[in-house]
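With the sequences and hints as input, model every part of the structure.
Line by line, the protein sequences are chains A and B. Per the working numbering, the very first residue in the first sequence carries number 1; after that it's consecutive. Per the working numbering, the very first residue in the second sequence carries number 1001; after that it's consecutive.
Some hints here could point you the wrong way.
Unchecked claim - Sample of chain A residues facing chain B (criterion: CB under 10 Å; computed from the structure):
#1 C50
#2 V82
#3 I134
Just so you know, these hints were derived from the structure itself, not from any lab. C-beta: ideal position from N, C-alpha, C; glycine also.
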Amino acid sequence: MPHFTFSLSSDGMVVDAMFGLDGTKTTALVQAGQAVPRPVQARALLDNGCDRTAIAPHIAQKLGLQMLVPAVSQTASGKVPVKVYRASLSIFGPGGSAGPALVFSDLLVSELTTPLPNLDALIGMDVLRECLLILNGPGQQFILGF
Amino acid sequence: MQVKDFDRLPTIHYTQMPEPMADSPSYREETAFRRELPRLLAEGNEGKWALIKGDEIIGVYDDFEDGYRVGLQRYLTQLFILQPVREWQPVLRMRY
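See below:
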């Protein structure tokens, strides 16, 4: 099983990720002769307390993502409307984008309702359920296999 | 999360959904969906997906992908929304 070994950061299990348009929309834009926005790099926290992957608003703005499915979110402060987009996600190893990557070409991601310092995205259980995740606390490392 | 995951989410009755936010870019679409949902349910569309643009329900589709493709064909760079036609609407759980 391919895997990446990362160092734990002060923010926790943080990885370099990249968000882009989903495959269906990318194909539609290419067929229409329109420009496809470049993927956006993100500092993302692996968060097993989060059901769904969520992105900061600036990522959606840079990609020109259109809210696709308005949804209801249950947060600590009650039920609130939340934006859901369709996007692609790539997670790279410590070596960066030159090596292999864990790729999800079609993911529904919600928008963060609260800004998170130093973070652009939360990788939730929807993605982590597809992976092997080992936390080596004393060794200050974590392993992500896929 | 993928579209199929909507079936695994907790739900609330559609009458309990919060009102669309007035500053939302899709306020018109969300309001139209809220207005039309009882009719769509009464017409036997439970489980389908509604494609909405402006104040209008453009179509109802058995499959999310079908609605998405039609939406992209008609409104490639414009805002449109897809909504699950369900009496019990899915709820995302977020810590933040």
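Quick rundown of the hints versus the structure:
1. C50: 5 Å, holds
2. V82: Where the cut-off is 10 Å and the nearest Cβ of chain B is about 6 Å from V82(A), the hint holds.
3. I134: 22 Å, violated
Of the hints listed earlier, the one the structure fails to meet is number 3.
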